[in-house]
Amino acid sequence: MRVLRHAVLVLLGLVWLAPTYLIVGNALRPATEYDPADAMRPPTDFALFANIGEVWERTELGPSMLSSLLYSLVSPAAAVLLGALAGYAIVVLRLRRGFLWFMIIYGGSIFPFQMLLVPLFVGYSKTPLYDARSGMILIYTAISVPLAALVMRNFFGGIAVSIFEAARMDGASTFRIFWRIYLPLSWTAMAAVFILEFTFIWNDLLFGLTLTQSESTRPVMTELSALTTDVYAGTPVPVALAAGLVVSVPTVAVFLLTQRLFTRGLTLAQV
Amino acid sequence: MPSTRLRVTALTAGAAMLALAGCSGGDSAESKSELKLYNDKGAWSSYFDQMGAQSKQEIGLSMKPVGYTDEPSYTAFIKASFRTKVKPDLFTWQTGGRLEEIVRQNQVAETTDLWKQAIASGDLTQQLAKYYTIDGKQYCVPLNTAYWGMFYNKKIFAQHKLEPPKTWNDLMAIAETLKSKGQVPFHHTTPTSLFSFVWFEQLLAGTDPDLYERLGTGKASFTDPGVVRVMEQWKSMIDKGWFSNPGDKNDPADHFKSGKAAMVSSGTWFNTSMTQRGLKQGTDYGFFFIPNVNPALPRRSLIFESGPLCSLRRAPDREASMKYLKWWITPSAQEKWANSRGDVSGNPKVKVADPELSRITQEAADQQNRLVLRFFEAVPAPVLTAALDGLSGFLVKPDSYRKVLETIQKANEQYWKNAGS
Amino acid sequence: MTAQNTLLRKAAPGDTGPRGPGARRPGRGFALFGRFRPAFVSPAVLLVAVLLYLPFVWTAWLSLTRYDGLGSPEFIGLDNYTRLLDDPALGTSIRNTLLWVLGTTVLPVGLGLLVAVLSYDVKGGGWYRLPFLLPYAMSGAGLGLVWGFILQPEGVANRFLGFLGMPGADTAFLSDGPENTIAMIVVWTWQQLGVNMLLFVVGLQSIPRAPIEAARIDGASGWRLFRHVIWPLMRPLTTVVFGLALVASLKTFDIVWVMTQGGPGRTSETLAVTMYRDVFVADEYGYGSAVAVLLTTVTGLASYLYMRRQIGKEDR
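Chains as they are written, first to last, in numbering that gives the first Met the number 0: chain A, 0 to 270; chain B, 0 to 420; chain C, 0 to 315.
No lab work stands behind these hints: they were computed from the structure. A couple of the hints might just be wrong.
Said to hold, decoys possible - Heads up, simulated DSSO-like pairs for lysine-lysine below, C-alpha to C-alpha not over 30 Å straight-line:
#1 LYS153/B <-> LYS178/B
#2 LYS129/B <-> LYS165/B
#3 LYS125/A <-> LYS322/B
#4 LYS84/B <-> LYS63/B
#5 LYS325/B <-> LYS63/B
#6 LYS31/B <-> LYS63/B
#7 LYS63/B <-> LYS125/A
#8 LYS136/B <-> LYS218/B
#9 LYS125/A <-> LYS86/B
#10 LYS125/A <-> LYS31/B
#11 LYS125/A <-> LYS84/B
#12 LYS322/B <-> LYS55/B
#13 LYS239/B <-> LYS396/B
#14 LYS165/B <-> LYS239/B
#15 LYS63/B <-> LYS350/B
Note that this is a predicted model, so its numbers are computed, not measured.
Whole structure, please, built from the sequences with the hints as guidance.
Here you go:
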């Protein structure tokens with residue numbers, strides 16, 4: 000049985016790696032050597048840095064990556080905090096009509112984002128929020144809160160009430176119990192939400208396009224999409240792929256780093 | 000317990016302060032030295048930057064592009080911006096119905112005087128002015144002008160001892176020859192449905208350009224016999240296997256380079272795609288204007304696209320914007336613009352660096368050509384959408400051409416009915 | 000049991016009532032700090048209400064008008080909605096959206112669960128999971144390009160099918176519906192399996208050992224162990240995964256827009272794509288808003304029903 004298990008995992012893994020190989024392999028290829036009929040052949044020349052250089056020249060990847068980093072770190076963190084606060088109140092403090100409040104918050108996830116673009120733009124333009132980093136952080140937080148609330152609510156729901164009662168008997172305030180006990184207990188759930196939202200916000204395009212215009216506030220995907228979606232650009236495929244890889248470095252790094260944190264942090268629960 | 004309440008209030012207050020304090024990028028100065036040029040050609044950002052540097056030298060105004068890459072959301076964004084205080088200094092747009100609708104809203108700055116001067120000095124042509132005129136006045140200036148024609152693979156042509164065609168029959172003979180030798184003659188279309196109209200417009204404009212223009216003004220129907228015949232001709236070419244597979248999502252330039260298709264019909268800006276793939280004009284590829292299908296026509300139909308560069312009546316700094324528009328059409332600006340992108344210019348006085356491109360520019364300015372506006376700008380937006388959908392469906396199912404035309408005609412009728420009311 | 004165990008023991012299956020020793024008495028002790036509870040939820044509610052709900056209210060109002068983005072909207076009552084009923088493209092759109100919901104539940108979620116179950120307690124499991132995480136972590140930029148290449152008429156996919164001797168080796172994957180939707184679901188699966196797998200792994204690794212050991216001692220193993228002990232214990236996470244997948248699949252937009260833009264001939268549109276197209280491409284803000292309202296209503300209803308069912312199983 001064990002052998003079968005490993006075999007299936009390996010087989011599936013290889014199938015999954017094939018397209019990744021195509022992306023990486025062709026990103027390494029020199030721009031002038033790409034042939035769609037032959038894309039599976041391993042590259043003979045290493046031109047990744049040349050391709051990346053092309054990308055750097057044509058776009059303003061630098062400042063936009065910094066902006067995106069800011070948004071992707073701050074907004075999920077804020078959302079997780081707000082979601083945890085809400086989940087705590089609903090499940091642990093047994094807020095009256097808790098389910099209703101939960102559905103209101105979680106319901107924020109049902110709206111198709113494209114519809115929000117125009118009204119948000121008009122609304123933002125009336126305030127200092129337009130083309131401002133704070134404006135972007137606010138909207139990104141808003142769209143991340145529903146998921147955070149769902150996960151935290153569920154996670155808190157699984158923690159025995161006796162913890163809360165015991166801490167109350169010790170004289171701790173509600174907020175303190177939240178901050179000192181519940182938050183630390185649930186940090187793996189928070190980390191999972193954080194990573195998901197980090198990736199989502201990092202990859203956002205439409206909000207970035209509509210709500211910002213300056214180099215200092217535009218997120219990274221707005222710069223990238225110019226290269227890849229435009230026939231007028233005429234970008235060779237290897238350059239476009241190289242751009243995609245560069246832009247993926249933070250998200251891949253986040254995933255790799257946190258893999259180990261997961262397995263480590265969860266032993267607490269295995270009594 | 001006040002501490003909890005206090006903490007939460009402090010948190011919310013802090014957030015509010017952040018929101019108000021966070022301000023970057025937006026300046027509302029009265030007199031500007033740097034203009035923002037909104038455009039949906041995100042890929043041209045570096046070229047715009049070069050123009051910004053040049054304009055700073057020549058007229059003291061620099062320019063920063065704000066590039067969008069998704070055309071529909073760009074259009075919506077610009078339209079929405081009219082209601083806000085975040086108005087563009089300059090922005091690119093499209094001629095045809097789209098220009099008309101914003102002019103009618105009284106939003107666009109008039110440029111009639113600019114045009115008069117430019118035509119007198121030869122920087123712009125009267126033929127072009129037609130497309131920038133609404134109710135007798137001109138608006139905006141041309142951002143760029145590109146012509147459509149056929150790029151052909153010189154090596155393949157040489158291999159089969161072929162020359163660029165002088166007549167339509169020549170072109171058909173070339174296709175026959177290539178096909179019989181196992182080479183697919185024509186590339187069909189780009190990965191998105193955006194250019195599914197290319198062959199439609201080429202065939203129709205080359206058969207009956209008046210009918211083509213009437214389609215754009217709602218005075219003809221898509222189910223007219225002339226249009227149906229064009230579709231049948233297109234279908235027969237597809238049936239003969241002359242086109243590459245439309246399901247193929249690869250960039251046309253890659254097809255071209257790998258020899259999958261010997262010819263690609265595209266705009267002169269396609270040069271950029273070629274050079275980036277290491278292809279050299281003159282040795283690897285060449286360009287010719289496509290001859291009329293109907294040899295009896297007096298002039299050769301030449302499809303062109305011209306995007307306007309506009310400023311607003313209520314722009315943040317009206318004078319600066321106007322000054323910029325005026326500079327844009329001068330030969331020195333146009334020269335930099337055309338050469339940085341490796342494209343032709345609408346201004347025949349411009350010295351285009353590349354000899355082939357220069358030849359094309361001169362040839363296009365010849366009076367023997369009849370300029371025909373690209374389909375994309377020639378028909379109103381809702382009709383265009385229906386047409387693009389329909390034609391992209393036709394490409395994969397050529398037998399459905401009658402139904403496709405009927406569907407497009409329905410949208411056509413609907414639009415003009417509403418427009419009239 | 001030690002004090003620590005008491006504190007950390009999570010609800011065992013069957014524990015639908017009050018947890019811990021003693022019955023729940025909402026009155027005692029809770030009234031003291033009752034006033035602060037709203038303060039805990041209010042930041043979240045406020046943020047969501049202002050930035051998400053409010054724009055939607057505008058959209059809902061817009062669905063009762065005709066508007067092209069310039070000038071003022073013209074009120075036309077429910078005309079847009081009656082037009083929806085007659086629109087053939089909408090029918091295709093709804094069909095495709097349902098396909099997406101079904102496909103997403105089966106493929107990225109189902110396969111994700113499989114991989115998670117197979118790898119969560121295997122030594123070196125992290126390595127096995129890496130190939131699935133990479134697609135999710137890589138930005139979507141390469142996606143359209145590479146998969147467009149794989150699915151092209153003489154591409155890898157067809158050659159692969161031919162090699163296996165399977166029918167349909169000639170399929171023009173992206174050219175016709177519903178094959179194009181199915182093809183895109185496969186692409187989506189490639190990208191999204193990783194995230195579902197990750198969440199399931201978190202769920203699996205967080206269940207306490209005690210109930211599992213107890214069940215094993217009672218003789219349960221394999222499938223029965225999974226279905227009756229492990230799966231119920233994972234509920235908090237599975238709710239998240241399915242809830243997320245449900246909403247995301249109903250709102251499918253990005254991947255379709257990148258790969259086919261809803262074409263060719265509008266055969267691969269989903270509701271979100273139809274909405275976007277009507278508003279931004281065809282300039283029919285009113286009609287597109289009606290589609291948006293339709294989509295939101297469906298998503299809201301589905302979410303609510305699902306959540307009520309899941310959360311109703313515990314106590315509210």
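Here is what the structure says about each hint:
1. LYS153/B <-> LYS178/B: The hint holds at about 16 Å.
2. LYS129/B <-> LYS165/B: holds, 29 Å
3. LYS125/A <-> LYS322/B: Given pair LYS125/A, LYS322/B holds - Cα atoms ~29 Å apart, limit 30 Å.
4. LYS84/B <-> LYS63/B: Given that 30 Å is the threshold and the Cα spacing comes to 19 Å, the pair holds.
5. LYS325/B <-> LYS63/B: holds, 17 Å
6. LYS31/B <-> LYS63/B: Measuring from Cα to Cα gives roughly 12 Å; hence the hint holds.
7. LYS63/B <-> LYS125/A: The hint holds at about 23 Å.
8. LYS136/B <-> LYS218/B: holds, 23 Å
9. LYS125/A <-> LYS86/B: holds, 12 Å
10. LYS125/A <-> LYS31/B: Measuring from Cα to Cα gives roughly 21 Å; hence the hint holds.
11. LYS125/A <-> LYS84/B: Between LYS125/A and LYS84/B the Cα gap is close to 7 Å, so the pair holds against 30 Å.
12. LYS322/B <-> LYS55/B: holds, 12 Å
13. LYS239/B <-> LYS396/B: Distance ~14 Å between LYS239/B and LYS396/B Cα, so the pair holds.
14. LYS165/B <-> LYS239/B: Roughly 22 Å between the alpha carbons, so the hint for LYS165/B and LYS239/B holds.
15. LYS63/B <-> LYS350/B: OK: LYS63/B and LYS350/B at ~25 Å, within 30 Å.
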